[in-house]
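Since chain A is already given, all that's left is putting chain B on it; use the hints.
The listed protein sequences derive, respectively, from chains A and B.
Mapping of the first sequence onto the numbering used here: position 92 corresponds to residue 92, and the numbering continues sequentially without gaps.
Mapping of the second sequence onto the numbering used here: position 20 corresponds to residue 134, and the numbering continues sequentially without gaps.
It is possible that some hints are incorrect.
Between beta-carbon pairs, the in silico distance windows are [to be verified]: (1) A/Ala-38 / B/Glu-129: 28 to 38 angstroms; (2) A/Gly-16 / B/Gly-192: 44 to 54 angstroms; (3) B/Lys-226 / A/Pro-70: 48 to 58 angstroms.
Computed footprint of chain B on chain A; a stretch qualifies when at least three of its residues, placed anywhere within it, have a C-beta under 8 angstroms from a C-beta of chain B [said to hold, decoys possible]: (4) 43-56; (5) 102-111.
It is worth saying that the hints were derived from the structure and are not from the lab.
Everything numeric in this text was worked out from a predicted model, so none of it was measured.
All C-beta atoms in this analysis are idealised placements derived from N, C-alpha and C, irrespective of residue type, glycine included.
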Amino acid sequence: DAGVTQSPTHLIKTRGQQVTLRCSPKSGHDTVSWYQQALGQGPQFIFQYYEEEERQRGNFPDRFSGHQFPNYSSELNVNALLLGDSALYLCASNPTGTGAYEQYFGPGTRLTVT
Amino acid sequence: GDSVTQMEGPVTLSEEAFLTINCTYTATGYPSLFWYVQYPGEGLQLLLKATKADDKGSNKGFEATYRKETTSFHLEKGSVQVSDSAVYFCAPTHRAAGNKLTFGGGTRVLVKP
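Here chain A stands alone, though its shape is the one from the complex (with noise of 0.2 angstroms):
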């Protein structure tokens, strides 16, 4: 059973330019979430995605936006990249239930902006 996987691993971006970032969920998991985790600090909630639809969002600009996909796959996207937005992303997975149900992480995409 495969866990949550990210592509790609390692990423390097020059600023003002757009990224892509890549999330498959665990087998079973219907609801995705994504975090970025700064340098030295812990993640910082993005947003989550629930039947393709944008559930929740954290304080985070309209730069960053995402999709899912119906096989319940998600995209991240941020534009015109600044050098702040260097981080780990990490993408999380958990069922839809009514279970307090952890997350299962992802290892995470490594961004760089030069």
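Only chain B this time, still in chain A's reference frame:
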């Protein structure tokens, strides 16, 4: 919104020493509480969880008890190994909020042989 306060690291220990990482939280209602661990160069892994007051979560020798009266969820391990060197994150979550996690800054633990 929710918030977490963790003791600042790094915490440096010798092998077989006792480890305690303090965590206090501020949250509305009755959150579930998690400890996640991040090994160097990796994503986060769930270490243990507790879903209601006085629950004790345990895994791999680690334990934490959900103390609602003190809003705390301190992590302990009786005898650490070099392989326990990692960053540890405490995080509350709410089922009603889609299980979104709120992280603090984490606590880096370094275990020396």
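Going down the list of hints, with the structure as the test:
Restraint check, A/Ala-38 to B/Glu-129: a C-beta distance of roughly 31 angstroms satisfies the suggested window 28 to 38 angstroms. Taking 44 to 54 angstroms as the suggested C-beta distance range, the pair A/Gly-16 and B/Gly-192 conforms, at roughly 52 angstroms. Between B/Lys-226 and A/Pro-70 the beta carbons are some 50 angstroms apart, a value that agrees with the proposed interval 48 to 58 angstroms. Evaluation of the coverage hint for the region 43-56 of chain A: fulfilled, as 7 residues show C-beta separations to chain B shorter than 8 angstroms, against a requirement of three.
Chain B is given as covering the region 102-111 of chain A, and this holds because 7 residues of the stretch bring a CB closer than 8 angstroms to a CB of that chain, at least three being needed.
Hint compliance for this structure: no hint is broken.
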